[in-house]
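Protein chains: 2
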Amino acid sequence: MEFEARKAIVILNKDDAAELDVKPLDRVELVLGKRRDTAIVNIAEKLIREGEIGLYESVVHALKAKAGSKVRISRALHPASIAFIRKKLDGRMLSKNEIETIIKDVVHDRLSDIEISAFLTALHERGMVMDETASLSRSMADNGKKMGWKKVIFDKHSIGGVPGDKTSILLVPTIAAAGFTIPKTSSRAITSPAGTADRFECIAPVDLSWGEIKKVVKKTKGCLVWGGSVDLAPADDIFIKVEYPLSIDPMLLPSVMSKKVAMGAKHLVIDIPTGRGTKIKSISDANDLARQFIDLGARLGVNVRCLSTFGEQPLGHAIGPALEAGEALHAALTGKGPPDYVEKVVALASTLMSMGGMKNAEAKARHIITSGKAGRKLKQIIAAQGGDPDIKSTEIEVGTERCKVTSNFSGRVWWISNKALVHIAKSAGAPRDKGAGIFLHKKIGDRVRKGSTLFEIFAEKPYKMKAALKAAQGHEIMGIGSHYNMVLKRIPEEEHEKTFILER
Amino acid sequence: MEFEARKAIVILNKDDAAELDVKPLDRVELVLGKRRDTAIVNIAEKLIREGEIGLYESVVHALKAKAGSKVRISRALHPASIAFIRKKLDGRMLSKNEIETIIKDVVHDRLSDIEISAFLTALHERGMVMDETASLSRSMADNGKKMGWKKVIFDKHSIGGVPGDKTSILLVPTIAAAGFTIPKTSSRAITSPAGTADRFECIAPVDLSWGEIKKVVKKTKGCLVWGGSVDLAPADDIFIKVEYPLSIDPMLLPSVMSKKVAMGAKHLVIDIPTGRGTKIKSISDANDLARQFIDLGARLGVNVRCLSTFGEQPLGHAIGPALEAGEALHAALTGKGPPDYVEKVVALASTLMSMGGMKNAEAKARHIITSGKAGRKLKQIIAAQGGDPDIKSTEIEVGTERCKVTSNFSGRVWWISNKALVHIAKSAGAPRDKGAGIFLHKKIGDRVRKGSTLFEIFAEKPYKMKAALKAAQGHEIMGIGSHYNMVLKRIPEEEHEKTFILER
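Line by line, the protein sequences are chains A and B. Using this note's numbering, you'd call the opening residue of the first sequence number 2 and step up by one each time. Using this note's numbering, you'd call the opening residue of the second sequence number 2 and step up by one each time.
Keep in mind the hints are simulated off the structure, nothing from the lab. Mixed in with the good hints there might be a few duds.
Treat identical chains as interchangeable: a pair holds within one or across any two.
Below, simulated DSS-like cross-link-like pairs (lysine-lysine); rule was C-alpha separation at most 25 angstroms, straight line [claimed, not checked]:
| # | residue 1 | residue 2 |
| --- | --- | --- |
| 1 | Lys471 | Lys24 |
| 2 | Lys88 | Lys242 |
| 3 | Lys220 | Lys151 |
| 4 | Lys47 | Lys242 |
So here's chain A without its partners, still in its complex pose:
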């Protein structure tokens, strides 16, 4: 059975299951020669005949079974972690050992999706005390690959939620140029139009082996690679798959910190984009989250500082892998970029640099960027990762399907909807189509005339451009007006004709 192959699942015929007194999601022990495995039971009436058993790939491997092999099966106990999940369901605290048992079973695919879903839901409902969060972070890090370094490791993480957030591409060379070691692993987009791995892939290869990463970092002090290929805290990836359809994220802290611990980070700056249209709505919420990260970091031996940053509009102008790669590369090579982008990089980079003991870090970070030192360092990193160091921002191909959206009104841009822009960019094909996305011509505070271009949509395929334009019709994207519109929402809403780009 190739499908869902990682789980230790076997399929029994209905009558054999009754004979063994096992029900779906019970466990059986399997013996073939000297090999043993425990598997989750599924039951079929027709697919598997009496006396036959269907094995998923992981069981086939564990038993070295072949078609026709005779396997002895017997009823087995449920794994202990189910009792511990049940304990959390009852609102009780889990011990270090209980958490370790659960994580081991998760990583070895010994728990069904139903059980993992119940665990995550229970964590969402009951929360965790800091002892549990720390145990979970450490278990998740321990049950996966761990990186060893000779240097002190610096790292940066963003809570995310801001489209166009290409911070790492300029921050990593800035920190490396300042003499600190920053082996940055990034994710691909899950729900956004681009993750840093998607962006940087337009400039250089990001799918590096652990050995290659070591070489790049040894040579340049930095890297910008995809974290997925190095198997850090694999439990997290399993949890994310279950959390995604439920839109819950009870693992926010352990998810971030387990990867950082596995990476060996000593100094970590966390960017908490804050405000309307981001995950964290207020500075007070950002403060609470930051305190938790700092406390957790202290328990795990990671020095953490957090910045709450303005997140109510996209960072810079470009949204989508290739457009963002171009904007970031241009900023690094010329030492000039959109002011919000450069200011954010300076703030985060100088925080890390002062954590490393550097004085006047802000001025130095700014100088590294404006003097072109960051750009030269980025070229080294590009070359070390196997890319062309002489790549120019204009050489990064963007979609040839283009469409400008203009304003029907004159006035000022009062607000921009991150959510609407994300939806449009994704409809245009991002992140799958690297050249798809949006280039914003106007941002908050900018003056607009009737007919001015507000933004331009890029796509690689005509039918996706069509989908993007349709998405643009369905959203209120920007608020433009000659005066503040003080009403945010009327409840209940009055019936009114929907006007494109006018009201929130």
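Starting from the known structure of chain A, arrange chain B on it as the hints suggest.
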């Protein structure tokens, strides 16, 4: 794809999924000619090639697809019920319409196991107010078959947990003989050694169609059939499959009442076995549960009364489908049975009879049983259901593998472990092997001599008898002593040699 065939699932190739921007558990809309269906996405890398799609049976049926059919697919929204599950996760109350939406999606297999698991976990964690419980019960009843009757319907339900609880087999003919209509549907065992459907199947067929049930009840005023064949409140069966591995039961009230509403019950007596070794540990807990059933019944138009009954040992002597069928049949035909069994039936039956307006119900119920009227009614029911009305209790075959367990001590039986007996009976093969089980020779309060037979184990297969004896070694089954042992548990436990049948 035959496996897990009921769910509307499709399997996409990884690249096609990326092109559509869908992730596992996202939804896609499928169009084939004029037919449409929405399905849950699973993703495979090898099993399904690019441009191909794997359809589970329900999707095949909905689209009338054949191998090679061309299906148009597009990203679809998540069903609204996911937002409502999320709402419950956040601790908010669900409206009638929201609950109805969830139940419809559950019944039509439009929700993944992960989503159903999250819903049940959220209910377990957050609980429900009575309005929600009532809406849920009604939705579960409405989304399934509903029985219509010309007569006022009487019904009985047990919360369960007591081994050997063969109450219904004597209660149904008693009520029917008293002139009331009681079309009793029962379940098969889930975790116990026998359900009433398993028991009565040793006496007469229980797998009747809806039309057959109508005929039996018209003729005899009663029946004892398996509920699984008439599809009452099918959402409940789906929930039970997910609850089982988690050992949670947030649906206790709606699960019971939805089936009763679908069955058209007007007067319902609920047996709440209470005490050590049952689900409900104290009379105060039983009282709370009873109040909830009565309140819920009032909202649903069902007149409910509850009895908290002594549940700290098996009912009667027999445990296991055939043994219990024999004991129940013998009691009905002779008008004499184990006193605890007869007293319980009299109490429950007379409660129902007085709900039906009968005076002196207890004396009348007792008379119906002792006079043999209940026995004659049971023979009518057996015949009407297609069984042999002249069947004798000794003709019900029990296992030929037999083993007596004797006492090493003299004294009185102070306690009996329901859990241990259930485990032994199941190890012996019950309920799958109908002749397997236990016959208890001694019950609480009985005097025992060294060498007296405490109980006898029955099995159909030698290897299952072996398993049962092994199970008997591993448990403390009965407490026998010349004096009360006042210590229930020492914490922490002292190391001691395990003595068979001595201490709790």
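Status of each hint after checking the structure:
no.: 1; hint: Lys471 with Lys24; result: between (48 angstroms within a copy, 22 angstroms between copies)
no.: 2; hint: Lys88 with Lys242; result: both (23 angstroms within a copy, 20 angstroms between copies)
no.: 3; hint: Lys220 with Lys151; result: within (13 angstroms within a copy, 87 angstroms between copies)
no.: 4; hint: Lys47 with Lys242; result: between (30 angstroms within a copy, 19 angstroms between copies)
Violated hints for the displayed structure: none, as all numbered hints are satisfied.
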